[in-house]
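Following the hints, position chains B and C against chain A.
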Amino acid sequence: MGITLKIKKYFKDFSLDVNWETGDELTVLFGYSGAGKSLTFQAIAGISKPDEGCIEVNGRVVFDSARLIDLPPQKRSIGYVFQDLALFPHMTVKNNILYGAPDISSTERAGRAAELMDMFRLAGLENRLPSQISGGQKQRVALARALIRRPSALLLDEPFSAVDLPIRIEMRNYLRHIQSSQKIPVILITHDPDEAIELADRMIIYSSGKVIGVGAPEDVLGTVSTVGSERAASTNIILSDTALTGRPVFSIR
Amino acid sequence: MDDAALFSVRLSLQVAAVATFFVAIVGVGAAYLLARRHFRGRELLNVLLTLPLVLPPTVTGYYLVVLFGRNGAIGRLIYEWTGWTLMFTWYAAVLASFVVALPLMIQTARSAIESVDRNVVNASYMLGHSEFVTAVRVVLPMARRGIATGIVLSFARAMGEFGATIMLAGNLPGKTDTMPLAIYSLAGSGDWSKANSMVLVLTIVSGVFLYLSNRNRKGTA
Amino acid sequence: MSKNERARMKLIARLILLAVILGASPVFAGPAEMTVSAAISLKNVFEEIGRLYEARHEETRVVFNFGASGDLVRQIEGGAPVDIFASAAEKDLDEAAKKGFIIAGSRTDFASNDLVLIVPKASKAAIKDFEGLSQPAVKRIAVGDPGTVPAGRYAEEILRHYRLTAATKDKLIFAQNVRQALDYVARGEVDAGIVYKTDALLRSKEVKIEAVAPESSHTPAVIPIAVVKGTNSEAAAEAFISLVVSPEGKKILQKYGFKAAAP
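Residue numbers (my numbering), protein chains in the order written: chain A, 7 to 259; chain B, 1261 to 1481; chain C, 6 to 268.
Heads up, some of the hints might be wrong.
Estimated spans, in silico, between C-beta atoms of each pair [as the list claims (entries may be wrong)]:
| hint | chain 1 | residue 1 | chain 2 | residue 2 | range |
| --- | --- | --- | --- | --- | --- |
| 1 | A | D76 | B | R1300 | 18 to 26 Å |
| 2 | C | E63 | B | A1333 | 17 to 25 Å |
| 3 | B | W1452 | C | D114 | 27 to 35 Å |
| 4 | C | R145 | B | D1262 | 34 to 42 Å |
| 5 | B | R1378 | A | E132 | 23 to 31 Å |
| 6 | B | Q1274 | C | R165 | 48 to 56 Å |
| 7 | C | P36 | B | R1300 | 48 to 56 Å |
| 8 | B | D1377 | A | R156 | 32 to 40 Å |
DSS-like, lysine-lysine: derived pairs with alpha carbons at most 30 Å apart [unchecked claim]:
| hint | chain 1 | residue 1 | chain 2 | residue 2 |
| --- | --- | --- | --- | --- |
| 9 | C | K260 | B | K1435 |
| 10 | C | K104 | B | K1454 |
| 11 | C | K213 | B | K1454 |
| 12 | C | K176 | C | K234 |
| 13 | C | K264 | B | K1454 |
| 14 | C | K104 | B | K1435 |
| 15 | C | K256 | C | K234 |
| 16 | B | K1435 | C | K213 |
Source of the hints: derived by calculation from the structure; they are not laboratory data.
Cβ coordinates follow ideal geometry from the N, Cα and C atoms, glycine included.
Pulled out of the complex, with its shape left as it was, chain A reads as follows (with noise of 0.2 Å):
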C-alpha cells in the first residue's frame, strides 16, 4: 500500500501542482523552501482543501474533488509530525503521547504508551512537561504521540532541522526502525541532502510547486541534470541552497 496523490491548488501567486504516488517505504520531498512540500502535507493530512485532485491513502480515498469527498483530519488515520512537534504545553509526556489515541481501551492505549516511551527511550520522563525535556526527547514524544495510533501512514515536516547532527542520526535510525517494523508509508521533508541521500528509499524533487523529479536518489538527481533548461535552473537553486548551508557540495553521482 501507499499513497497517492494527484493535487492542484492555486494562490494569486503561486500554485500547486503535483501527481506522485510511493508505497510502504521511506520517501524523501526535496526542495526549496516555499517549493509546496508542507503544503502538501497539509492536503494529505486534511487541514488544507487542494482545489482539485485526489489523494489516496493506503487504498482509501481521503480526497476526491470530483466525488465530493473530503474526509476530515480525524478520519485520515495519518500520523504528523510538525516541524515545530507542536506538542501540548500543557500535558505530560505521558499525557501527550495518551492522547494519541482517543479510540482505543485505556488499558490498551496504557500498554502502547509503554511499548513506545520503551522504544523512544522516555522512561523516567512520564511527568515531565514538554518545556522541562531536551530537543531530542521532544521529537521522541512527537514520534511516540504520533505512533500510539497506528497509522496508516506518517508525515514528517523538517522535525529534525532544529536540533544538532548525533540527535538527527539517532532519529534517523528511528526513522528507518519504523518504517520496517510497521510497514507503513513514511514521508519526510527535508532541506538536508545528507539526510535525503541516507534515508530515502524514493525522492520527490519539488520546485515551485511541481514535481520535477522522482526516484531513487542516485537516480533522481541524475534526472534532474538532464531535464529541460527551465528544470535545470530550478536544479541549480536546490544545489546552490547546498552550497549556502556550507556543507560538503551535493555530489551527483
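This is chains B and C only, laid out in the frame that chain A set:
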C-alpha cells in the same frame, strides 16, 4: 459601616460574582467562535458584543431598558407570561454588569485563543480528536491565562458598574443599590463621610482584583 | 413541535421563571411595595417622608429609586414598575405626561427651590450680590447648561433680570447638570456659581451662599410629583402625595431648604 453600607458591599460582590459566572461561560464560548470559526455575520456579532465597551454605560443601560422593560420587546413577553419584570430587581443589576463586562472577557479570551499555535490544534485533529474535545482539552487550557485575566477584569468591571445598572436596576436603597450606586446616593444627599468610606472600600476591592489580574498575567505557564 | 409539546414547554418555562422569582423575592408575601422614582436632590426629604408614611400605612412598604430626572423618565417609558414620579423640575414630568405615562389630574407642584449665588468658601473676591458678577476679578461663573438644565435656564433669567447678560456672557461655564456646577464652585475651579439652594446647603463646608435670587427674577423652580399610569395602587400613591403636601410634609421640606407650595 452601617447596615445599608454592608448591604451594598454584599450586593456588589453578589452581583459581580453572578455576572462574572455568566460572563465567563458566554464570553469564552463567544471568544472561541470569534477566534476560530468563520461564519457569516461574525464581524457583526463581534461589533455587537464589543459595543458596550465603547458606548457610554448609560446608553447601554437605555438599550437594556428598551429591551427588557415591561414595554420592551423581551420584557413584554416575560411580563405577559409571568407578571414579573426584570427592571428594579437585583437580576437587572446582574444583567447590566454582564453586558458591560462581557466585551472585556471576549477581547482578552479571544486574543488568548487566537494566539494558540495553529499546529497544536491541527495536531489534536490529526490525533483523531473532535473540535469540541480539542477546544476543551487543548485550546482552552492553553489560553487559560488570558481567560483568567478576562475573568478577573470582568469581575472588577462588574463591581464598578454604574451607568447601565442605574438605568435598568434603578437605585433602590436596600434592593439594588450596589456600591457605586450607594456612593452616588450618599454624595447626592450630602453624606460625604459615608460616601468617602465606601469610595475607599470600592477602590481597595477593585485594586486588589486588578493586582491579582496583573500578577496572573505576569506569571509563567 | 406539536401543540401539546409546545404547551408543555411553555408551562415548564413559566414554572422555572416563577421559581426563580419566588426564590429571589423575600418580600413576596410581605406588605405591598410602592415604588417612588424621585430626583436625587429629593433623597433626604423623601426618605424622611417615606418613614412617616410607612409608620401610618403598615400594609405598604415604600421603595425609592433615586436618580437623574431624565433617566427616571427613560425608565418609566421602558416600563419600570413605578408608582410615583417626582422630578427635579417641571421639564421631565412634563415629558412623561406628554408621552402618556402620568395619570391625568394626579400632578401637584408640591415645592419650589430658591436659586442662590455661591462662591467658594475660601474665595477672597468680594462678590456680595449678583451685581458683583460684573466685576473684572470674576473670571468664571458656573451655571447649568440652559439648553438642557432647568437650573441653567433660571440662572440665565436671573442674569437678564439684573441686566448682566452682556457683562457675563464670556464668563459662563456650562455644566451638564446643576450638581456639576456646584462641584466646580466647591473645588474652587470657578469664582462663582448659580445653583439651587438645597444643593448648596449640602456642601456648606465648601461653598458660601452670598445671595438668594428674588422670586421676581426667574420663573418659579417648582418641583412636581404625580402618579404613574400602571400603578398597582392608585389610592396608596395618592395617600403618599397627600402626605407630601400635608403640614407635616411641609415641615420636612422646609427643614431641608425647600419652599413648600402654598396650599
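Please name the hints from earlier in the document that this structure breaks, with their numbers sorted from lowest to highest.
The structure conflicts with hints 2, 8, 10, 12 and 16, although it agrees with all the remaining ones.
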